[in-house]
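Novice: Now for the letters of each chain:
There are 2 protein chains.
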Amino acid sequence: MQRNIDELCIEIERRIKLFQEGMDENAHAYEIAELLEEVREQSKPRFIELLKSFPEDLKADVLAELSKSAQEDALEAIDAKELAEIIEEMDTDDAADIVQQIEEIDEVKAGEVLDEIDEEESKVIRELISYDEDEAGAYMQTELFKAYIDETIGESIKRLKEIKKVSGLDNAYHVFIVDNKDRFLGMMPMEDLVLHGPNEIYRNIIDREGALTVSIRPQDPIDKVIELAGNYNMNVIPVVDEWGILLGRITADDIYDLMEKQATDQIYGMAGVQEESEESENIIKAGKTRAFWLGINLVTAIAASVVIGFFDSTIQSIVALAVLMPIVASMGGNAGTQSLTVTVRQLALGDIDPTEAKRVITKEVLLSLGNGLIYAVVMGLIAYTWFDMPMLGVVIGLSMVINLIAAGFFGAMIPLVLKGLGIDPAVGSSVLLTTVTDVVGFFSFLGLATLILL
Amino acid sequence: MQRNIDELCIEIERRIKLFQEGMDENAHAYEIAELLEEVREQSKPRFIELLKSFPEDLKADVLAELSKSAQEDALEAIDAKELAEIIEEMDTDDAADIVQQIEEIDEVKAGEVLDEIDEEESKVIRELISYDEDEAGAYMQTELFKAYIDETIGESIKRLKEIKKVSGLDNAYHVFIVDNKDRFLGMMPMEDLVLHGPNEIYRNIIDREGALTVSIRPQDPIDKVIELAGNYNMNVIPVVDEWGILLGRITADDIYDLMEKQATDQIYGMAGVQEESEESENIIKAGKTRAFWLGINLVTAIAASVVIGFFDSTIQSIVALAVLMPIVASMGGNAGTQSLTVTVRQLALGDIDPTEAKRVITKEVLLSLGNGLIYAVVMGLIAYTWFDMPMLGVVIGLSMVINLIAAGFFGAMIPLVLKGLGIDPAVGSSVLLTTVTDVVGFFSFLGLATLILL
Numbered sequence: 001m002q003r004n005i006d007e008l009c010i011e012i013e014r015r016i017k018l019f020q021e022g023m024d025e026n027a028h029a030y031e032i033a034e035l036l037e038e039v040r041e042q043s044k045p046r047f048i049e050l051l052k053s054f055p056e057d058l059k060a061d062v063l064a065e066l067s068k069s070a071q072e073d074a075l076e077a078i079d080a081k082e083l084a085e086i087i088e089e090m091d092t093d094d095a096a097d098i099v100q101q102i103e104e105i106d107e108v109k110a111g112e113v114l115d116e117i118d119e120e121e122s123k124v125i126r127e128l129i130s131y132d133e134d135e136a137g138a139y140m141q142t143e144l145f146k147a148y149i150d151e152t153i154g155e156s157i158k159r160l161k162e163i164k165k166v167s168g169l170d171n172a173y174h175v176f177i178v179d180n181k182d183r184f185l186g187m188m189p190m191e192d193l194v195l196h197g198p199n200e201i202y203r204n205i206i207d208r209e210g211a212l213t214v215s216i217r218p219q220d221p222i223d224k225v226i227e228l229a230g231n232y233n234m235n236v237i238p239v240v241d242e243w244g245i246l247l248g249r250i251t252a253d254d255i256y257d258l259m260e261k262q263a264t265d266q267i268y269g270m271a272g273v274q275e276e277s278e279e280s281e282n283i284i285k286a287g288k289t290r291a292f293w294l295g296i297n298l299v300t301a302i303a304a305s306v307v308i309g310f311f312d313s314t315i316q317s318i319v320a321l322a323v324l325m326p327i328v329a330s331m332g333g334n335a336g337t338q339s340l341t342v343t344v345r346q347l348a349l350g351d352i353d354p355t356e357a358k359r360v361i362t363k364e365v366l367l368s369l370g371n372g373l374i375y376a377v378v379m380g381l382i383a384y385t386w387f388d389m390p391m392l393g394v395v396i397g398l399s400m401v402i403n404l405i406a407a408g409f410f411g412a413m414i415p416l417v418l419k420g421l422g423i424d425p426a427v428g429s430s431v432l433l434t435t436v437t438d439v440v441g442f443f444s445f446l447g448l449a450t451l452i453l454l
Numbered sequence: 001m002q003r004n005i006d007e008l009c010i011e012i013e014r015r016i017k018l019f020q021e022g023m024d025e026n027a028h029a030y031e032i033a034e035l036l037e038e039v040r041e042q043s044k045p046r047f048i049e050l051l052k053s054f055p056e057d058l059k060a061d062v063l064a065e066l067s068k069s070a071q072e073d074a075l076e077a078i079d080a081k082e083l084a085e086i087i088e089e090m091d092t093d094d095a096a097d098i099v100q101q102i103e104e105i106d107e108v109k110a111g112e113v114l115d116e117i118d119e120e121e122s123k124v125i126r127e128l129i130s131y132d133e134d135e136a137g138a139y140m141q142t143e144l145f146k147a148y149i150d151e152t153i154g155e156s157i158k159r160l161k162e163i164k165k166v167s168g169l170d171n172a173y174h175v176f177i178v179d180n181k182d183r184f185l186g187m188m189p190m191e192d193l194v195l196h197g198p199n200e201i202y203r204n205i206i207d208r209e210g211a212l213t214v215s216i217r218p219q220d221p222i223d224k225v226i227e228l229a230g231n232y233n234m235n236v237i238p239v240v241d242e243w244g245i246l247l248g249r250i251t252a253d254d255i256y257d258l259m260e261k262q263a264t265d266q267i268y269g270m271a272g273v274q275e276e277s278e279e280s281e282n283i284i285k286a287g288k289t290r291a292f293w294l295g296i297n298l299v300t301a302i303a304a305s306v307v308i309g310f311f312d313s314t315i316q317s318i319v320a321l322a323v324l325m326p327i328v329a330s331m332g333g334n335a336g337t338q339s340l341t342v343t344v345r346q347l348a349l350g351d352i353d354p355t356e357a358k359r360v361i362t363k364e365v366l367l368s369l370g371n372g373l374i375y376a377v378v379m380g381l382i383a384y385t386w387f388d389m390p391m392l393g394v395v396i397g398l399s400m401v402i403n404l405i406a407a408g409f410f411g412a413m414i415p416l417v418l419k420g421l422g423i424d425p426a427v428g429s430s431v432l433l434t435t436v437t438d439v440v441g442f443f444s445f446l447g448l449a450t451l452i453l454l
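The listed protein sequences correspond, in order, to chains Y and U. Mapping of the first sequence onto my numbering: position 188 corresponds to residue 188, and the numbering continues sequentially without gaps. Mapping of the second sequence onto my numbering: position 290 corresponds to residue 290, and the numbering continues sequentially without gaps.
Hint data in this document are derived by calculation from the structure and do not stem from the laboratory. Any given hint could be a false lead.
To be verified - Part of the chain U face toward chain Y, derived, beta carbon under 7 Å:
#1 Val194
#2 Pro198
#3 Ile201
#4 Asn231
#5 Ala271
#6 Val273
#7 Ser277
#8 Glu278
#9 Gly287
#10 Arg290
#11 Leu294
#12 Asn297
#13 Val307
#14 Thr337
#15 Arg345
In this text the structure is predicted, and so the values were computed from the model without any measurement. Think of the CB as a built atom: it goes at the ideal place given N, C-alpha and C, for glycine as much as any other residue.
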C-alpha cells in the first residue's frame, strides 16, 4: 500500500528525531533516504523541499544514500554554497562521488562548489575525482586511523579520540601502522588494541605477531580490489602510492558496490547494454548504446542471410528447409551461449585463465557434442516424421552436430582469446558467437541438403 | 612460466615457516593454498601427500581456501579421524561447509567424521548444515564476541582474552550486546570499547548513544543478507532466532561469497546453466542441466518452425522471404534480450520492483520502438536494393517494428511477472522471450508478405 506524502512526512520527522539523538545514525539516514524516495515518486518539488529542510549533517548522510537519479535532482536544485557545506560533512569518498556527479550535470557549478569547500578537503576531492572510475583510487576514502610504529597504543588511542571529536571519523575498524614518513607497514584489527595494554609499542607487537601488509595502488583496476578482498578475506584494503606512502583505504561498503558493479557490467556487457547509460534518466542515452549493438547484430544477421541466399534454388525446390533451418541456428546459438556464459564468468572469478584454454575448450566441445548427438537424433526423427523424408532427418541431424561442436568450440574460445588480448571478454562476445553459430548452422544445413537431397 | 613441483615445494616450505611464526596467518594460508593448486595441476598424489604433511591448524586454514574441486580430492583422500581433527580447528561456518561436502561425496564418512568431533561442536555443525544453501543460516558462524548489557567493558574484554586463548576467535571486529537470556540488544564496533573507559557499563553506552539492532533470521533468504549489508553498509550481520536470541554472525568474507554466488546464479540462469552442476568435475552433471534447457529451446524452436510452415507456399513463390526472415527474428531476440537483461538485473539489485511495472514496460517499449524505427528504415532500404522489390522493404520494415515492440514489451514483462509470482526472473526467462520474438518475428514478416506481396 502506498503511503501519502503527509504520512511519509510524519515518519520522516520521527526518524530525524532518532537521528539527532545519535542512535544508529547510518541506519536512520538510509531509512530517511528510502522515505524521501517515496515522496519523490509522488512529488519532486516536495522531495527537494524536504531535503533542503534537513539539518546539514543529515543532508549529507541522506544524500549519500539516495539513488543516482534522486541525487541528480537534488544536486540540480541545491545551490553551490549549500552543496559545499553538505559536502564538507561527508567522508571523502562520498564527497568525491557527489562532486563528480555535479561535474556531469554542470561543470561550472562543480568548480564553484570546490572553491567554496575548505581548501585542504577540496584538494583531496580534486585528487580523488582525477582517478578513472575503473581505478581503485576513485573509491578510496582518506579518513582512517593511523598509528606510528614507535608510539604506544595509549598514545594512538588518545589521538583517535581527538580525531573522532574533530572530523567525525566513523567505522575505523583497523589501525594502519606507518613509519615517520607515512610509509605503510601493516594493519591490525581494533580488537588487538583492546587485547594489548596501552603501554605496548606497535613495533614490538609487529615484531612478535606480524601484521597484514597487503595493499593496493590507486591506479590498480577495481577488479584487483575485488580479488584481494575475496582472497585475503579483507573488509578494508589500504591504498598506498609507489613510494609505499599510505593514501587511504577502501572499505567493505565500497567493496560491495564494486562487486555489484562488476557483476552488472558483465551481465550487461553480454547483452550489449551499458550500466552508465541505463541508470541515467535520459532514455536517449540508453537507446544509443543499445542501438550500437543492435546495429552490429544487424550486420551479422545480414551476413547469415547472405549464406542462406547462396542456397535459394535449393530452398525453392525443398521449402521444408526454410521451415527447419532456424532450429539448427537456434540450438547452436543456445548451446554456444551456455559455453560462452560459463567461460566468461569463470574467467571473471579467476577460476580459469587463458593458459588453461585447451582444457576449457575440450570440456565445452565435449559437452556440446554430447548434447548435440542427443538432440540430433531427436530432431532427425521429428523432421523425418513431419515431412516424411528420411534423408531430411539425416541432414538436420548432421548439421546440428556440426553446429553444436562449433558452438562449444567458439563459445569457449572467443572469451579466452579476448581475455588473452586484454579485451573484456563479456562485451560483444555473444554477438560474435551467434554470428558463428548462425553462419555455420545455415551453411551446414543448406549445404548438406544441397549435396544429399538434390 | 610454470614452476615445477620442487620449486613449488620450496616456496611452500618457506610459507609454512612464516605461517608458524604467526605472521599474517590468513594471508599465508591463502597463498599456500594457491601453491598447492599449482602442485595439483601437475600431480594429484603429490598434492594430497603435501597437504597431509602439514600441521593440523595449517591444514584447516588451507583446506578452507582451496577450490571446490581440490577440496573434493582432499576430502576423499583423508580418513574420517583426521578430517575430524582438521574440522575442529576450523571456524564453524567453514567446518559446516566441509562436512556438507563430505556428505555429498560419502554420507557414511560424514557421519563418522561428526561422531569423531567434540560433541558440542558437532551439534553446532549438524545445525548449520540443516539449513538450505539459500538460507542465511548456512553461512553463519557461531564464534563471536558477546557482552552482557549489565557488565563493564573491562569485564567483557577480560573474557575476550580468555576466548581468544581457548577457541582462537579471529576477527571479532564487533561486540554483540545481549541480555541475560542471550537476547540480542545491539552491536558496536570494537573501536567504541577503546574510546570508552574499561569501567563503563554497556547499558549506559546504549542508553546514551544507541547501538545498531539490525539482524537477520537463519531462515531468511541469502538475498536479504546481501540487501542488508548493502543498505546499512554492514560488514557483519547478526543472526537471531524468532525469540531474539543471538545465534551467530555472517561476516564480510561470506557476504562477498554470497554476492558472487548471487551474480553467478543470475548470469548462469539466463543462459540455462547451473552453478552447482558446472563447478563439479563431473562433466555428465553439467551436461544434464544444459540438456534440459536445450530441450526446452528445441521445443520452442519447433514452435517457431510450425509458424513458418503455415506460410510454405508464400515462401515457395518468394524465396527472398526465407533469406530475410532470420534477420527479423534475430533483431527481435537481441533487442528483447537487452530489455530482459536490464529488467532482471535491476529487479535483483532492488532498483525496480513489480509495482513499477507500467513505468518499466513503457520505457522498454519506447526504447525498442525507437531503435526499431531506425533499423526498420535501414533494413527496408537494404531489402529493397538487394532484391529490387520496394514492397519487400516495406514488409520487412513493418515486421521489424512490430517485433521490436513485442521484444521491449515482453523483455520487461516476463521477468516482472515471474518476480510477481515469486519465481526467479533470471532462470528460463530468455527462452520464453526468444520464443515470443521468433514467433512474432516469423508470423508478422511472413503474414505481411502474404497479405502485401502475393
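Novice: Each hint: holds or not?
Specialist: Quick rundown of the hints versus the structure:
1. Among the interface hints, the one on Val194/U holds; its C-beta lies about 5 Å from the nearest C-beta in chain Y, closer than the 7 Å criterion.
2. With a least beta-carbon distance of about 9 Å to chain Y, the hint placing Pro198/U at the interface is violated under the 7 Å criterion.
3. A distance limit of 7 Å between C-beta atoms decides the matter here; for Ile201/U the minimum to chain Y is near 17 Å, and the interface restraint is violated.
4. Hint status for Asn231/U: holds, given a least beta-carbon distance of 5 Å to chain Y, under 7 Å.
5. The interface hint given for Ala271/U holds, since its Cβ lies 4 Å from the closest Cβ of chain Y, which is under the 7 Å cut-off.
6. Contact between Val273/U and chain Y, as hinted, is supported at the beta carbon level, the nearest pair being about 5 Å apart and thus within 7 Å.
7. Hint on Ser277/U is violated. Least Cβ distance to chain Y is approximately 10 Å, over the 7 Å limit.
8. Interface restraint check for Glu278/U: the shortest CB-CB distance to chain Y comes to about 5 Å, inside 7 Å, so the restraint holds.
9. A least Cβ separation of about 5 Å between Gly287/U and chain Y falls short of the 7 Å threshold, and the interface hint therefore holds.
10. With a least beta-carbon distance of about 5 Å to chain Y, the hint placing Arg290/U at the interface is held under the 7 Å criterion.
11. A hinted interface residue such as Leu294/U counts as satisfied when its beta carbon comes closer than 7 Å to some beta carbon of chain Y; here the least separation is about 5 Å, so the hint holds.
12. Because the closest C-beta pair between Asn297/U and chain Y is about 5 Å apart, less than 7 Å, the hint holds.
13. The interface hint given for Val307/U is violated, since its Cβ lies 9 Å from the closest Cβ of chain Y, which is over the 7 Å cut-off.
14. The interface hint given for Thr337/U holds, since its Cβ lies 5 Å from the closest Cβ of chain Y, which is under the 7 Å cut-off.
15. The closest approach between the C-beta of Arg345/U and any C-beta of chain Y is roughly 5 Å, which is under the 7 Å cut-off, so the hint is satisfied.
When held up to the earlier numbered hints, the structure conflicts with 2, 3, 7 and 13 and fits the remainder.
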